[in-house]
Amino acid sequence: MCGIVGLLLKKQSLRPKLGELMVPMLIGMTERGPDSSGMAVFGSREGGERRKLSLYCADEGFNWSHLEGSVLEHLGDARFEVKANHCILSTAAEPASVRVWLATHFPTVHVLSVGRSIDLYKDVGLPSEVADRYSFKGLTGTHLVGHTRMATESAVTPENAHPYTAGEDWCLVHNGSLANPGSLRRKLEKLGARFESDCDTEGACRYIHWRLQMGESLETALEHAFEDFDGFFTFLMGTEDKLALVRDPFACKPAIVAETDDYVAIASEFRSLAHLPGVKHAQLFEPKPAEVYTWSVQ
Amino acid sequence: MVSAVKSGRVVFDLAKESLRDVNQFLHGDLSAVTAVAVENPDGANSIAVGLNAPVHVDINGHAGYYAAGMNQLATVVVHGNAGTGCAENMMSGRVEVTGFASAGAGASAHGGLLVIRGSAGLRCGISLKGGNIVVGGDVGSFSAFMAQAGNLVICGDAGDGLGDSLYEAVIYVRGQVRSLGADARIEPMTEADHATVDKLLAEAGISHSSKEFKRIASAKTLYHWNADANQTY
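Those sequence lines, one after another, are chains A and B. With the first letter of the first sequence counted as 1, position 282 gets the number 282 in our numbering; the numbers rise by one all the way through. To convert a position in the second sequence, counted from 1, into our numbering, add 298.
Possibly wrong hints are sitting among the right ones.
To be verified - With a Cα cut of at most 20 Å, we get these calculated SDA-like pairs of lysine to any residue:
(1) A:Lys280 / B:Asp311
(2) A:Lys280 / B:Gly416
(3) B:Lys314 / A:His275
(4) A:Lys242 / A:Gly215
(5) A:Lys280 / B:Arg415
(6) A:Lys280 / B:Asp356
(7) A:Lys10 / A:Cys57
(8) A:Lys253 / B:Asn343
(9) A:Lys280 / B:Met487
(10) A:Lys280 / B:Asn350
(11) A:Lys11 / A:Lys253
(12) A:Lys253 / B:Lys314
(13) A:Lys280 / B:Thr396
Please keep in mind that the hints were generated in silico from the structure rather than gathered at the bench.
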């Protein structure tokens, strides 16, 4: 069992309150996923060649100032935003070379996400603890994808927490389990994918991203996923300007959507949506099995 | 806890009181109580489960999983939507949902009547064991799977695999069926079927005519082992 939450704010004036609206959603899913949680938020957009990299180090005593100094020395212009054992690094340097440089010089630092808009936080602990650790209440932006994890098929570690990412500005969270993550992984590794965890979800994330990279629409990519994924899933996916939701053809895992003029909110269960303003008059529905739902930022 | 019982009517507010207080009250001596209201349910799970008294409970808002599960004798009305497993394993009484109900509504119900005014999700009435279910809207796929006894009346459409591996339960559908499950077949409506459907619709307060419904029941080909069938799976 796991919990998923998603929120896309249509109303501009609510966007500074994205985190404030979301934290009770995430905490509402604690019983479904008490061991880890995470959040991908799409906020301020970098221009030009700049990208943001969300970095994580399990060592709470890690010296981020030392990393900052080294990055400035070797990669040139960069900006940093450190929260606990997490840092958002903004740089115009090419992301692949930054990854290689980090892996060489700071092997305990992991890249959680890369993109123009995405910031990603994930860690072990109760959702309320993770939310406090990374000040989720203060997050701003247009949309987000969150997850609370109850581990079933891989260990409780920060890297096995969700969301997962691949490429740039793409993330996925999963409620469910896949029975064929090994074969998915072998297939994708032959195509050049590099896996960073043991979690079945990482295969799903990289598989769908691989198909999108080949030019397929999300709908087509998911049609292939229905064929190639053996298991149960509700997936919530985020891109720079979209949220997308899909349930497996047997709809084994729950999801409910609340839509008003101001927002689209998604959760595994209604109890995570009950606090949202105007939810009593929202259009509420459960997504149909094997149907792809998308919502765009206007 | 309950502050006062006025005219046999008790109000709980789940924004202030715990679900355990509500359910423990409902499991206690209700001889002086005629009606209970639960305000601000906000999708909480397991509201009004395991009741065993002829009390009326109004849940004023959306309920979470297993609302009114294992119900006996009581009437429980969810004024909103219900999550997974609403009225699962009901033994008697009546459960009503004014909005939609999620997957597994009325699962394994042995008796009583479940009325869903909106639509029901997947696996509605799975393993039904004698209860009756009336759905005002549509039902999702695999509804009435292995249903053993009782009736499922569907005023809208049904998804895939309706009535797969049915036993003696009977399904009545007014709309379209996307596909029937293994061993389920459409049969002619008898006088007894019309009487059953009209009675259940009247009890549910839904004004369709049984003439608009078709009967789906087990062809019973799975009742006995067929050694000649292709056994390759």
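Hint check results:
1. For the hint pairing Lys280 of chain A with Asp311 of chain B, the CA-to-CA distance comes to about 16 Å; that is within 20 Å, so the pair holds.
2. The suggested pairing of Lys280 of chain A with Gly416 of chain B holds, with an alpha-carbon distance near 17 Å, which does not exceed 20 Å.
3. Taken as a hint, the Lys314 of chain B and His275 of chain A pair is honoured in the structure, with Cα atoms around 14 Å apart against an allowance of 20 Å.
4. For the hint linking Lys242 of chain A to Gly215 of chain A, the alpha-carbon distance of about 17 Å falls within 20 Å, and the restraint holds.
5. About 18 Å separates the Cα atoms of Lys280 of chain A and Arg415 of chain B, which keeps this hinted pair within 20 Å; it holds.
6. Note on Lys280 of chain A and Asp356 of chain B: the hinted pairing holds, with a Cα-Cα distance of about 17 Å set against a maximum of 20 Å.
7. Between Lys10 of chain A and Cys57 of chain A the alpha-carbon distance is near 34 Å, which puts this suggested pair outside the 20 Å criterion.
8. At most 20 Å may separate the alpha-carbon atoms for a hinted pair to count; Lys253 of chain A and Asn343 of chain B meet this at roughly 16 Å.
9. Between Lys280 of chain A and Met487 of chain B, the direct Cα distance comes to roughly 42 Å. Violation of the 20 Å bound is thereby established for this hinted pair.
10. Between Lys280 of chain A and Asn350 of chain B the CA atoms are separated by roughly 31 Å; this puts the pair beyond 20 Å, and the hint is violated.
11. As the CA atoms of Lys11 of chain A and Lys253 of chain A are separated by approximately 30 Å, the hinted pair breaks the 20 Å bound.
12. The suggested pairing of Lys253 of chain A with Lys314 of chain B is violated, with an alpha-carbon distance near 30 Å, which exceeds 20 Å.
13. For the proposed pair Lys280 of chain A and Thr396 of chain B, the alpha carbon gap of about 14 Å is at most 20 Å, so the pair holds.
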